[in-house]
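S.K.: Given only the sequences and the hints, what does the whole structure look like? Please build it.
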Amino acid sequence: MSAIPFRGWGVELQRLEHVPPPTPEEQQALGRVWGHLRPEERVGRRDLLLPALWAVQEARGWISYPAAAAICRELGLPLADVYGVASFYALLATEPRPRRMIHLCDDIVCMLRGAEALAQILHRHLGDPLEVPAHGETYGQRSLPDGTKSPEGSLPRVGWSRSPCLGQCERGAAALVGESMLLGLTPESLGERVRAWLRGEEGPAEATLPPTHLGWKGEGTPLLLARCGRISPTSLEDYRALGGYQGLQRALAIGPEATIQEVERSGLIGRGGAAFPTGRKWALAAREAPPRYVVCNADESEPGTFKDRVLLEKDPFSVIEGLTIAGYAVGAERGYIYVRGEYPEAYRTVVQALEAARAAGYLGSRILGTHFSFDIEVRRGAGAYVCGEETALFNSIEGFRGEPRNRPPFPTQVGLFRRPTAINNVETLACVPPVLARGGEWYAHLGTERSKGTKLVCVSGHVARPGVYEVPFGVPVRTVVEDLAGGVPAGGRVQAVLCGGAAGTFLLPEELDTPLAVEALQAVGAALGSGALVVFDERTDLWAVVERIARFFRDESCGQCVPCRVGTQRQLELVEELRRGGGRADPHLRGLLEELAQVMRDASICGLGQLAANAVLSSLRFLGRMP
Amino acid sequence: MTREVQAPLVTVEVDDQRVEIPEASTLLQAIRAAGKDVPTLCYHPVLEPIGVCRVCVVEVEGSRTLVPACIRRVEPGMRVRTETPRVELSRRMVVELLQTSVDTSLAPDVQRYAAEYGARPERWQPFAREGFRTRRAPKVDNDLYVRDLDRCILCYRCVRACGEEGQSSFAIAVAGRGLGARIDPGFDLPLPDSACVFCGNCLAVCPTEALVPKTQFEMRRAGTWDERRQQVVTTTCPYCGVGCKLNLHVQDNRIVKVTAPLEDPITRGFLCVKGRFGWTYVHAGTASGPGSEAEPSTPAGTL
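Top to bottom, those sequences are chains A and B. Quick note: the first sequence uses this note's numbering, first residue 2, plus one each step. Quick note: the second sequence uses this note's numbering, first residue 29, plus one each step.
Careful: at least some of the hints might be erroneous.
What the hints assert, rightly or not - Distance windows between CB atoms, simulated: (1) B:Cys268 to A:Gln28: 40 to 46 Å; (2) A:Gln28 to B:Leu37: 18 to 24 Å; (3) A:Pro409 to B:Ala250: 48 to 54 Å.
No lab work stands behind these hints: they were computed from the structure. Note that the structure is a prediction, hence the values are computed from the model and not measured. Positions of the beta carbon are idealized from the N, C-alpha and C atoms, including for glycine.
M.R.: Right, dumping it as structure tokens:
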């Protein structure tokens, strides 16, 4: 790495050296990020940018100009770039904001649990919500130091903002506050807590958490849920006692090529939404020149989806073992787990589990006495749905803005750090150890012709037992919604089921017998996506749901390409307009929406824009008919 | 004697016409080699393509979505269609989305494509909120150029010209996200407090006058900017030994702007602060007019 980061560095450094130093707290926080790295080793480590931004954000509650300038000096980065990255993420603030921020989920599931009433409570106590930074008009000037007074001067103790889905749908309404999650919120409990915080107290102790229902039905189950809830999540002994690390042992015994063949034989397809064959992905990456990387995509952010969170919190070693096997098969020495910023609990669990695995020789050099050396780093997102798009995720780890890349080239050719990379979803990786331990052929007899194995389904909304359920592919949607999740409570009826999250489609009551399988859902114009089923009863105002979905995409667009940046805003406006008109089909507006949908699908860079009109369009099938 | 190394050729079909083109060429190059063209906005001949504006999309047989021609590499046997209704719908919509969200009145390319594809931005007007609102004031924080971000279509050209593909100053980047994304020197700093060295290469590549020399900005405001009355005179920069080729834009016998020809292999259109802005001395001591140091063309205090 060169000591001179870029040609204009001299000029930039001169300027940056005139910026006042950061506070001692900020400096200490940065020191923890640099760790043992000597100053000259930090230059060029752009991948430390996001961890550094997180550190100063947590130390001060926002990212100050002096702190940003200090990061620039250490990493050899221009200020404009650092600010560009910091201002990209919803959980990072580039101007002073209250130390205690309540990120209230008002997304499609929490809104069924009274998120609006909660928002009113917050509004009454705390005033207007702080805008997501990305959508504010102008900022910055206020945060510039004049050297005399603290920019935090008159800040209130507590602030709040609206948040997209926090992935707590089975136990909402939810709010993220610092490193903890408030769950099962009611206006009373939230109000009490906020009043305590405003008085400077810590507030009432955590009430009993609403449960996460786990269940399964059908051949082969429980496979992924077998250990969840039965073991201490960070106990390696518990994990091994229930079959853990047998998959890795088998892989190490048969060699990388045979490992890939075993996964190919299993017919395992990706569980993140795109359903790409996992074995083929690994084979494609393995044939490129080293160094290669493997990445676990734990940026689960699809509204209504929380299965990855449950796996990471309840059985983290299964994912770690899966990623280790992937690293072995692909020929990588390093893997990354990118955990969504809104999952503090999952992050902590994974960090602990990795330490345990390392201590026991399941990670590090010469794993289990073989020639295979491999280690895993955890990275934390900072509030951006788009970073679940794999190339945006690479950019985020690398310290760039989380903007998706044009493809080709594909990640298996040019991925993380521009190297060949196999990136897999959490659930996909959790499938790998049993595939290796019990054989690809055994796995392939579960499920349907084109959808092999078992699937985790997140059921939320108007059901008696919201939770994560495991079924072999091919089980009808109805079985999951009614038999496992208990159906609509108190004699209500299903109005519609949103399948696949905000990027998915609505299923009507008469379509609930569709089997949960890639091919069967395709046949009715739907897709399994991330495996989320959000159930809406007949009293739900579905227009409000559709409008929230449209707002979600507007808020989460990265802004890089025109069809998505402006198109998602225009889509939101069209939905609002249609809703105002009572939904009765205005052919002009509908025509415009359909045209826009086609252009977003055809011309957007990534899946976010391409799928942004899915749910909206599918709702028009029935919303226009409503009286 | 030099020996040219020939890259292997790839055959592709552009609107049923076969083209042979070196491998690693882009679809845009293939399309142009076939004597056709597609519109482009974020593409700039001296910068690497990034494929973000999506106005150059074409249909490629077998591809689920449309494909940006500027950045996609040719593959043997590719069949490309540049003029289908699907392609035209996307181009028209991209132009409309730009027209409804920013002021494109000084963006000649956007205007041209709007006419060519029959864009009707007004059909969004009745309900569109964002974009049809009060304009933010242009940022005038230095004597050399103005940032009028309500004209910015986020083509990233300025960011690239400021960074490693041009000046290597890295003074500006895209900040924020989604509709709130904008070009920013960091913390919304005024340019003189930023890493900007005022080479003006960002304005040289800006297609919309979101970045514009102050002279031009002021003459537009005064209603005196008139490109039909301008001539371009090519000369050599008088400052240093490099001898960059300059294009002086002259109106009424006075220099009103300086650019560099893109085709020049030395500058590729890029200049330094002296070449681009250091010409006002030419008119020093003469009668007042645009660019005169003695007397600004607009009364002080109007900006």
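S.K.: Each of the hints needs a verdict: does it hold here or not?
M.R.: How the hints compare with the structure:
Checked against the hint of 40 to 46 Å, the pair Cys268 (chain B) and Gln28 (chain A) passes, with Cβ atoms roughly 43 Å apart. With their beta carbons about 58 Å apart, Gln28 (chain A) and Leu37 (chain B) fall outside the hinted range of 18 to 24 Å. Roughly 50 Å separates the CB atoms of Pro409 (chain A) and Ala250 (chain B), a value that falls within the hinted 48 to 54 Å.
Violated hint: 2 only; the structure is consistent with all others.
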